[in-house]
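All chains should be built: construct the whole structure from the sequences, respecting the hints.
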Amino acid sequence: MLKVAVKIFIMLALSSLSLCAAAYSPLATHAPSAAPDRLELSNNWTLSPATKTSMNGDALSLADYDATAWYKIARMPATVLEILRENGVYRDLYVGKNLRDHVPQDLYRQDWWYRTEFTAPPDRTTYVLDFPGINYRGEIWLNGHLVADRTQVVGMYVTHELDVTRWIRPGQSNVLAVKVTPERALQDVDGVELADSWNDWINWDYLGLPSPDNDPDRRGTSFVADRNAGIWKPVYLKSLGDVGIGAATVNSELPLPRTDSARLTIHAEVHNYSARRARGVLSATITRPDASTVRVEQAVTLAPGENRQITATPNEFAQLNLHRPDLWWPYTMGRPALHDLRLEFRVDNRPSDTRELHFGIRTVTQHRDEGFSGDGGDFYLQVNGKNFPIRGAAYTPDLLFRYDPDRETTILRYAKDLGLNMLRLEGKLTSEHLVETADELGIPLMAGWMCCNQWEKWAQWDPEDDRVAMASMRSQIESLRSHASAFIWANGSDGLPPPDIRARYRSILDELHWQNATVDTSSLQSRDGDGMAQWDGIDMTGPYTWRPPSYWFSRRYGATWGASAEQGSNEQIPPFASLRKFIPPDQLWPINDTWYFHAGGQPKNGALLSAQRSIGLRYGPSDSAETFAAKAQLAQYESARAQFEAFAATGWDRHKMTIYWMLNSHWPSFFGQLFDYYLRPGGAYFGAKKGLRPLSVVFDSYADGDGNSGRISVVNQTQQDERDLLVRIRIYDLQGTLQAERISQRTNVSAGGAAQAMTIPRGLANSPVFFVRAQLTRNTGEVVTENVYWQSQQPDDVGDPDNDRAFDSMQVSWADMTALSSMPRVPLDVTAQAADGSVVVRLHNPTHNVAFFERAEVMSSRDGDEILPIEYDDNYVTVFPGETVDIRGTTEHQDSSALWVRVTGHNTSPITVPVA
Numbered sequence: 001m002l003k004v005a006v007k008i009f010i011m012l013a014l015s016s017l018s019l020c021a022a023a024y025s026p027l028a029t030h031a032p033s034a035a036p037d038r039l040e041l042s043n044n045w046t047l048s049p050a051t052k053t054s055m056n057g058d059a060l061s062l063a064d065y066d067a068t069a070w071y072k073i074a075r076m077p078a079t080v081l082e083i084l085r086e087n088g089v090y091r092d093l094y095v096g097k098n099l100r101d102h103v104p105q106d107l108y109r110q111d112w113w114y115r116t117e118f119t120a121p122p123d124r125t126t127y128v129l130d131f132p133g134i135n136y137r138g139e140i141w142l143n144g145h146l147v148a149d150r151t152q153v154v155g156m157y158v159t160h161e162l163d164v165t166r167w168i169r170p171g172q173s174n175v176l177a178v179k180v181t182p183e184r185a186l187q188d189v190d191g192v193e194l195a196d197s198w199n200d201w202i203n204w205d206y207l208g209l210p211s212p213d214n215d216p217d218r219r220g221t222s223f224v225a226d227r228n229a230g231i232w233k234p235v236y237l238k239s240l241g242d243v244g245i246g247a248a249t250v251n252s253e254l255p256l257p258r259t260d261s262a263r264l265t266i267h268a269e270v271h272n273y274s275a276r277r278a279r280g281v282l283s284a285t286i287t288r289p290d291a292s293t294v295r296v297e298q299a300v301t302l303a304p305g306e307n308r309q310i311t312a313t314p315n316e317f318a319q320l321n322l323h324r325p326d327l328w329w330p331y332t333m334g335r336p337a338l339h340d341l342r343l344e345f346r347v348d349n350r351p352s353d354t355r356e357l358h359f360g361i362r363t364v365t366q367h368r369d370e371g372f373s374g375d376g377g378d379f380y381l382q383v384n385g386k387n388f389p390i391r392g393a394a395y396t397p398d399l400l401f402r403y404d405p406d407r408e409t410t411i412l413r414y415a416k417d418l419g420l421n422m423l424r425l426e427g428k429l430t431s432e433h434l435v436e437t438a439d440e441l442g443i444p445l446m447a448g449w450m451c452c453n454q455w456e457k458w459a460q461w462d463p464e465d466d467r468v469a470m471a472s473m474r475s476q477i478e479s480l481r482s483h484a485s486a487f488i489w490a491n492g493s494d495g496l497p498p499p500d501i502r503a504r505y506r507s508i509l510d511e512l513h514w515q516n517a518t519v520d521t522s523s524l525q526s527r528d529g530d531g532m533a534q535w536d537g538i539d540m541t542g543p544y545t546w547r548p549p550s551y552w553f554s555r556r557y558g559a560t561w562g563a564s565a566e567q568g569s570n571e572q573i574p575p576f577a578s579l580r581k582f583i584p585p586d587q588l589w590p591i592n593d594t595w596y597f598h599a600g601g602q603p604k605n606g607a608l609l610s611a612q613r614s615i616g617l618r619y620g621p622s623d624s625a626e627t628f629a630a631k632a633q634l635a636q637y638e639s640a641r642a643q644f645e646a647f648a649a650t651g652w653d654r655h656k657m658t659i660y661w662m663l664n665s666h667w668p669s670f671f672g673q674l675f676d677y678y679l680r681p682g683g684a685y686f687g688a689k690k691g692l693r694p695l696s697v698v699f700d701s702y703a704d705g706d707g708n709s710g711r712i713s714v715v716n717q718t719q720q721d722e723r724d725l726l727v728r729i730r731i732y733d734l735q736g737t738l739q740a741e742r743i744s745q746r747t748n749v750s751a752g753g754a755a756q757a758m759t760i761p762r763g764l765a766n767s768p769v770f771f772v773r774a775q776l777t778r779n780t781g782e783v784v785t786e787n788v789y790w791q792s793q794q795p796d797d798v799g800d801p802d803n804d805r806a807f808d809s810m811q812v813s814w815a816d817m818t819a820l821s822s823m824p825r826v827p828l829d830v831t832a833q834a835a836d837g838s839v840v841v842r843l844h845n846p847t848h849n850v851a852f853f854e855r856a857e858v859m860s861s862r863d864g865d866e867i868l869p870i871e872y873d874d875n876y877v878t879v880f881p882g883e884t885v886d887i888r889g890t891t892e893h894q895d896s897s898a899l900w901v902r903v904t905g906h907n908t909s910p911i912t913v914p915v916a
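Be aware that the sequence shown starts at 1, since it is given in full-length UniProt numbering, and climbs by one per residue.
Keep in mind the hints are simulated off the structure, nothing from the lab. Owing to the predicted nature of the structure, the values given are computational and were not obtained by experimental measurement. Where a beta carbon is used, it is the ideal one built from N, C-alpha and C, also for glycine. Check the hints yourself; a few may be wrong.
What the hints assert, rightly or not - Distance ranges between label pairs, derived from CB positions:
| no. | residue 1 | residue 2 | range |
| --- | --- | --- | --- |
| 1 | P910 | T287 | 50 to 60 Å |
| 2 | E432 | Q319 | 24 to 34 Å |
| 3 | R407 | A69 | 50 to 60 Å |
| 4 | E741 | K581 | 40 to 50 Å |
| 5 | S821 | D340 | 52 to 62 Å |
| 6 | Q735 | P910 | 20 to 30 Å |
| 7 | D340 | H844 | 42 to 52 Å |
| 8 | H844 | Q735 | 12 to 22 Å |
| 9 | E253 | A751 | 20 to 30 Å |
| 10 | E316 | L62 | 45 to 55 Å |
| 11 | S54 | D340 | 18 to 28 Å |
| 12 | P590 | S54 | 47 to 57 Å |
Stated by the list, open to error - Here are the computed lysine-lysine pairs in the DSSO-like style, where the Cα-Cα straight-line distance is at most 30 Å:
| no. | residue 1 | residue 2 |
| --- | --- | --- |
| 13 | K428 | K457 |
| 14 | K386 | K416 |
| 15 | K428 | K581 |
| 16 | K97 | K428 |
| 17 | K581 | K72 |
| 18 | K97 | K416 |
Right under this line is the structure:
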């Protein structure tokens, strides 16, 4: 019996070895003789209107076609109008009304040819063209052959991967031609196709320009002349063996509330491009931040043409159970630790394809609180088991979708400098670079579909719209899901998708292992198919126009509590240095239709009525654009600061989430922004930065009760408790005379909390406008932070909450700040010193008066413009009698030569000094 058993064992062993040998036999598949490669096709592109050539793609994609007369493309990707601008066809597009008056508005009515020549790597067996973004339809030709037509390549947000192996010329020159058809108006319905629009972000309807579907009565859907047509995301050629690796992600699970271990699950798509059975090994190597590695392998057999998802779970592979994991945190809560994943599919011990990505180990969960009025409660997030108060803003790419990774990085760094901890992308789902940088910086993202266009006109979707919507959803989630920064996906913005579409959206999310938060709508006003209110706990409370500080602290209005995906003003006036870059000199003053052209599309926003009213009635009339812009920075500073301060000071129970509308501007405009298109930070920027300080002292602008007293709170937006803090309040009149002083008892404030330190009554100052100076100090005497508020004896009164209308600024009464114009002039002593890669500007006030709202600008020449981008630790500061304030400015680029500093203030003359 023993001999028989041994013989059986040997036979089974030999059989197993034979199977293994077959699995790795060179006859099983064709392995490449060179390593897999991913080549970005960014150079050697040209563009031509399809109307300028009678030839088709079969001729245009041949090497003997002469394209020297075509427009040269500096670097791909680029949209049609951006390329025409680069070639000087249309100049100064963002100045004045040039974008309307000097560009034919029917560019979208014609097709466009893109063309490039490239050398394909040799010695691979499979070649795949990857188009992550063509707007809106594409016809792909390679070396004289049609690869895919315009019915196959459709959808701005659909990724198209095309196997071009049969037409490629390995190791030789290849010609690629892409015919792009722009988004077109739909027949017999109110809308266009499923791309994107700028909705009320641009204001051409205000000037009588017909709306895109020639319906002059319909407002609010606006486009640039080419409708952002073109190849707007990078194009890649992937060269590999028979088996390729597709989309992949790593999901993590923490045993909350504990975070001392993590279970990882790897999901990866593999595809057999050959007509043969393919056998190989998929290996996954995870490199931790300490450089230690975790490796798993699976043998895989694929049928001809098969696509399959491979999953490695911690139940199957014990090494995917990590002890003491390095967690990814939003930067305001900790370090955003990233891990590397390298996937490799090997055949005959040679790589057929590889894929690398970064991921973070973290758990994001969504919740609803108990609410204030039985409304089902407000949305909120927890990250790794901790409450995450969202203080974000809405991001936008360039109006022409200009691809500029350096600019994206700067914008994200500005967001971090401000203290923002989330960015919202409503549509405008831009580059992989932006998301990767958000991963590295620890800035979470909220992404989803755009409101107010075909994306939310579900009743008029045809079968193609339906197909494109689901393919778009799949493409975007496959791209986002592996990123640590991807926190929230919104299936709808202002509207609620019908039940069947919601179900299919969510099915795709489930299928693709989306492990983050999902909402179906960001608007309380949404209705389901039965007309019943549907709410995911997030509202969009605007109010899309300016509001005074007391509004935000009053707790009376709907925008002052809860969870909101849009809050702020649609009307923001940039500093004068930026204003004169896009408003021609003869149109600078008075405010006119050139200004309106750069405003938002809502009727009252379009005429800048709120900005003119709030600035004029509070700070007095202006006699020039420079004066108006200077006063605007005052108003925008105080409102943006109050908005963020109020959210923090009223505590977690009242305010879980705010997304400021908006972070940046898509072109030089007056549409909501914390900094302008030229990356110049203005009043709103530094006001918001004050309101987002990790540890601060906040005055509530006498908004408590009847307005006769004001709360002074210590706000702690850090992860550590703070103890024994002192608050010192001093009140000055306009001449700089100290009117009153108060010092608090020692105050303790828990992590993420706020504590009231004292109240101060009205009547402590005898001037029509006075200053409330709030300092926070430690028991060592160290000043942690200082905040200066200017107050009027005449309070603001927004009125009854039921009359608080979005897109309008109608108050019962306005604070009177006009006395600020009569402040005594102050000659500041200014010096500037280079120090540790920065410039330290020292402002000394030798007088007995207050130097108010002083702005420092670091420049490369005495009479030049401010060096941009730049980060200041503070700006628009107030220097009290006999005191000194330092401002540190740090330029982003080391080669920026900071040689001069200019200081301007509300009651000081401009001063320019050299940097020592």
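Comparing the hints with the structure gives:
1. Taken as a hint, the range 50 to 60 Å holds for the pair P910 and T287, whose Cβ atoms sit roughly 54 Å apart.
2. Taking 24 to 34 Å as the suggested C-beta distance range, the pair E432 and Q319 conforms, at roughly 29 Å.
3. Here the CB-CB span from R407 to A69 is close to 31 Å, at odds with the stated 50 to 60 Å.
4. E741 and K581 have their C-beta atoms about 44 Å apart, which keeps the hinted 40 to 50 Å range intact.
5. The hinted window of 52 to 62 Å between S821 and D340 holds, with their beta carbons roughly 59 Å apart.
6. Checked against the hint of 20 to 30 Å, the pair Q735 and P910 passes, with Cβ atoms roughly 23 Å apart.
7. Look at D340 against H844: about 51 Å separates their beta carbons, and that is inside 42 to 52 Å.
8. Separation of H844 from Q735 is about 19 Å and conforms to the stated range, judged on CB atoms against 12 to 22 Å.
9. Separation of E253 from A751 is about 25 Å and conforms to the stated range, judged on CB atoms against 20 to 30 Å.
10. The hinted range of 45 to 55 Å is satisfied by E316 and L62, whose Cβ atoms lie roughly 51 Å apart.
11. Distance hint for S54 and D340: a CB-CB separation of about 51 Å, inconsistent with the stated range 18 to 28 Å.
12. A beta carbon spacing of about 52 Å between P590 and S54 agrees with the range 47 to 57 Å that was offered as a hint.
13. Between the alpha carbons of K428 and K457 the distance comes to roughly 18 Å, so the proposed pair stays at or under 30 Å and holds.
14. Taking the CA atoms of K386 and K416, the gap is about 20 Å. The hint holds against a cut of 30 Å.
15. About 26 Å separates the Cα atoms of K428 and K581, which keeps this hinted pair within 30 Å; it holds.
16. Of the supplied pair hints, the one linking K97 and K428 holds, its CA atoms being roughly 24 Å apart against a limit of 30 Å.
17. With a C-alpha separation of about 27 Å, the suggested pairing of K581 with K72 holds against the 30 Å cut-off.
18. For a cut-off of 30 Å, the pair hint linking K97 to K416 is broken: about 34 Å separates their Cα positions.
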